[in-house]
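Enquirer: Sequence:
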Amino acid sequence: MSPGFINVYPSWKKVRVLVLEYGAPSDSAVFKKRIEEALSEIGFQAEDRFIPHLALARAKGPPSQIFNLISSAAKLSLEETTRFK
1 MSPGFINVYP SWKKVRVLVL EYGAPSDSAV FKKRIEEALS EIGFQAEDRF
51 IPHLALARAK GPPSQIFNLI SSAAKLSLEE TTRFK
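Our numbering applies: residue 1 is where the sequence shown begins, and numbers increase by one.
Hints in this document: simulated from the structure, not taken from any laboratory.
Glycine included, every Cβ here is placed at the ideal spot set by N, Cα and C.
One or more of the hints may lead you astray.
Derived Cβ-Cβ restraints for the label pairs, each shown as a range [said to hold, decoys possible]: (1) Asn68 <-> Ala46: 36 to 46 Å; (2) Ser64 <-> Phe5: 19 to 29 Å; (3) Leu54 <-> Trp12: 15 to 25 Å; (4) Phe44 <-> Pro10: 13 to 23 Å; (5) Ser40 <-> Ile70: 29 to 39 Å.
Starting from the given sequences, assemble the full structure and let the hints guide the process.
Expert: This is the structure:
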């Protein structure tokens, strides 16, 4: 998995979700393609805006909550990850 970066959805002006976005590994691309193929059979259109991400937090209060969380998280480092299948 490629290194990621912190982002927010839907926008920096209206923060609701704090996410870690990362480069699309081949597993994600294959998984996305399989899901889209299955859903297209029942009438859903493919989603072009898909960005692989991990949701870290949801904000129910003012955007300043998320900005404070981002400031705190910037001081953390990731030493190791484990992938479960």
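Enquirer: Is the hinted range of 29 to 39 Å satisfied by the C-beta distance from Ser40 to Ile70?
Expert: Since the Cβ atoms of Ser40 and Ile70 sit about 37 Å apart, the hinted range of 29 to 39 Å holds.
Enquirer: Check the following: the C-beta atoms of Phe44 and Pro10 are separated by a distance inside 13 to 23 Å.
Expert: Given about 21 Å between the Cβ atoms, the range holds.
Enquirer: Using the beta carbons of Leu54 and Trp12, state whether their distance is inside 15 to 25 Å or not.
Expert: 19 Å, holds
Enquirer: Starting from the range 36 to 46 Å, see whether the pair Asn68 and Ala46 falls in it by beta-carbon distance.
Expert: 37 Å, holds
Enquirer: Within 19 to 29 Å or not, the Cβ separation of Ser64 and Phe5?
Expert: 21 Å, holds
In this structure, none of the earlier numbered hints is contradicted; all agree with it.
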